[in-house]
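There are 2 protein chains.
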Amino acid sequence: MKFTIKNSFFTEIVSELYKISSTKSLLPILSGIKIEATKDSVVLTGGNSEVFIEKKIPRQINGEAVIEIYETGSVVVLSKHFINLLKKLPDDIEISSDGIQLVLIKSGDIVTKMNGIAAVDYPKLPEVKILQTVTLNFTSLKEVIKQVVFAVSKSEAKPVLTGVKMEFVKNKLICTATDSHRLSRKETQITFNERDHSVIVPSKSLLELLQLKESGSATIQISIANNLIVFSTENTILYSVLIEGNYPNTQSLIPTDFVTKITMNTQSLIAGIDRACVFSEEWKHNNVHFTLIENTVLKITTKSAGIGMIEEQQRISKVDGVPVIDMTFDGRLFLDALKGIQEEQVTISFCGVMKPAVIRPETETSYVQLISPLRT
Amino acid sequence: MKFTIKNSFFTEIVSELYKISSTKSLLPILSGIKIEATKDSVVLTGGNSEVFIEKKIPRQINGEAVIEIYETGSVVVLSKHFINLLKKLPDDIEISSDGIQLVLIKSGDIVTKMNGIAAVDYPKLPEVKILQTVTLNFTSLKEVIKQVVFAVSKSEAKPVLTGVKMEFVKNKLICTATDSHRLSRKETQITFNERDHSVIVPSKSLLELLQLKESGSATIQISIANNLIVFSTENTILYSVLIEGNYPNTQSLIPTDFVTKITMNTQSLIAGIDRACVFSEEWKHNNVHFTLIENTVLKITTKSAGIGMIEEQQRISKVDGVPVIDMTFDGRLFLDALKGIQEEQVTISFCGVMKPAVIRPETETSYVQLISPLRT
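So the sequence lines, in the order shown, correspond to chains A and B. For the first sequence, the working numbering assigns the number 5 to the initial residue and increments by one for each residue that follows. For the second sequence, the working numbering assigns the number 5 to the initial residue and increments by one for each residue that follows.
Careful, some of the hints might be misleading.
To be verified - Stretches of chain A that chain B covers, calculated by requiring three or more beta carbons in the stretch to come under 8 angstroms of a beta carbon on chain B:
| no. | stretch |
| --- | --- |
| 1 | 77 to 89 |
| 2 | 115 to 121 |
| 3 | 271 to 284 |
| 4 | 327 to 340 |
Because the hints were derived from the structure by calculation, they are not lab data. Just so you know, even glycine gets a beta-carbon here, dropped at the ideal spot from N, CA and C.
Could you put the whole structure together from the sequences, leaning on the hints where they help?
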C-alpha cells in the first residue's frame, strides 16, 4: 500500500473515526483505524462494538486531486498516536505499508514508522441482507433525530428505552424516544410504499450519525437488514446494530383532552426556566413551579433553602380551558423539550394533576412531547 | 446597599473573581465574593488563602456611566450561584442588600433573592507596611513572568521552588524559577534605586496576575511589604503572600563554557520536538534524542517499542566548538523552554556529558534557561 494525500483533509477524516473508535475494548484492534487503498479510492474504517463507519476518499473531489495511489493494500493503525502525529505534520504526506505491521508516514525530512496491525485481523462487517430501503434528505433526518434522541433513557435498566424507535409505515417515518418520565415523538413524510417496518436504533449510533459532516442538500439512504441498520451517503456508510426487544406502546400515553392550554414565546420560556434552574440545584429533580396569574401571566418560581429564590413573570399569548395552573416540573426536562421546538410560539397543555403535560409547536402537529409533573 | 449596573460588564468582573475564589476552604465565606458600594465606586473582592484580588468599578469608565449608586453598604455572596445567575440575566440589573444576609437581584420582571453573608465576617486584609515600590509596564511584566513561571517545581517537597524568586537590585528586576531539572532566569531594566530586596512569590499568584485584563499601556505598581507583595493597576489590586525560606543560589549553576554551540530556527525546532514527543509517551521523561550530522543538520529521534519511531532532520544556521552532539533530553521540558524564546533563532550550548544545556535567544543576553540531560 502506498499513497500520497493532503494531510489537512486526511486528518479531518481520521479525527472523525478516532472519536468513535473503542478506547476500552477487549480487542485492541478496535482502537485502530483500518486504511485500505484500492485502485480508485482510499477507504478508512473505524468503530466500536455497536457502530462502524466507513469513509471513502475518492481520487478527486470537485475536480481537484486529493489522493495519488501508487500501490493498493491495507493496514490497521492505532488511532490515538496516529491522529496525534498527523496533527503535527505538514500538509503533504505519503503513507505506505508492507501490509503486515509497519506504517511508514513521510513528510519532507520527517520519517516516521508506526506499529500497525495486519488488516486481515480487523473485524469483518457482517453480510448484510437488505430488507427495506428509504432515501431522504440528510439535513431533515438530522433535525428529526435531534428532536427525539435526547429523550431516551440514560439507564440501561430497560435496554429498549436507550434507543429510538423508528417506524417506517406508509409514506411516514415515526421516531419515538422515552425514558418513562418524558416522551418525544416526531412524524416525517417520506416516500415509502413497502411493508411496514419498525426497529429500535441505539441512541449512541444516532448521535454518531449527527456528527457526520455532509452538505445540506446531501441525501441519505437508510437500509434495514435483519439485525442491522445502514445509513449511507455518497462517501460514508454508518453500520449500527439494532436493539432487540419489544418497545412499549406509547401512542396510548398521549392525552387527547386538556384542562388548561397556554401558548407563549418559546425562547423567553427557555430563558426563564434556565434561570430558575440555577436555584433548583439542591433538588433531585430541578423543581420549577408554574402558576397562572390573572389569565395573562405565567409565574415561574424556584425556592431553595440553601441558595435563595427566583420568581419571574412571563406574558402568555393565549389561554384555553380552565385558567388555573399550579404544578411543578423538572426544569431540566422541560428545557430539553423546549429546545426541540423550532417555532416562535409553543403550546403547553396541562391535563390535570399528576397527568403529563403535552408540549407542541403552536401550529405543527407532527411533533409532540410529554413530561410528567413532579409530586411536591 | 443598592446600585444598578450593566450586567455584561459586571459578569466579566465577577467571573474573574469567581475563578480565584476558594472552592474547598474550611471557611465557606472564602468561596464568596465581597461586594462593597461606596460613595463613588463598587469594590468587589475575592480570593483564597494565598491571593486576594480587589476590583474597583468606578461610576464612569471612558466618560460612560457604568454604575448608579443609590445606597452604600456591603455584603458577601456565594460566587458559584451568583455567577451562574448573572450569566442568565438581561443587561440592566439592580443589586441591593439589607447588609446582613439577603442579596436582591432584580432585572425587569425577574426578582431573585440570594442568601448572602454579612460582610463583617469576610477576612480582613492584613495591614500592609510598604517597604519598597516599583512601577513598570504591565505588559512587559507579564512577558517576564511568562518566560520564567513555567519552570517552578510542581512538587511541594521544597516549597521555595514552587515560587518565582524576584530580586530587585539597582535598576534591575531579576526573576528566577527552577525545579532542579531546569531553570529559567530573566533580567529586566527597571527604575529602582533603593535598597536591594528579594522575595519568593507563589507561582499561583503570578498565574492569577497573568489573567488580569488591562490595556497594553497600563502601568503596574509592585509594592513589597513585610510578608506580602502587592500588585496594583488603576482599578485592580492583587495581594499575594510570600514564600518564606532560602532560595538556592542559582547563579553559580549557569555554565560559562560550552563544548558545542548551535544556532537554529526556534519555531521549526519546537514543531520537530513536538512531533517527536508523540512517540515518547511511554517514556517517563519524554526522551528525545539529538544528534549532529555533518556540521549542518540536527537529527531529532524518538523510538518507542510500543508506538514506533520518528526521525527528522533540521538545518542548523551555525555551529561553534566541537561538532559532535549525542544527547537525550526531556522533550516536554525542552518545548517549555523554547516557547519562552521570542527571537527567530535560538542558541543552544551543550556543555558536556551530564551537564545542563543552556538555551538562549540568539542575540538577547538577559534571558537564559538550563535543562539537564537524561541518562540513557
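Of the hints given before, which are not true for this structure?
As far as the earlier hints go, only 4 is violated by this structure.
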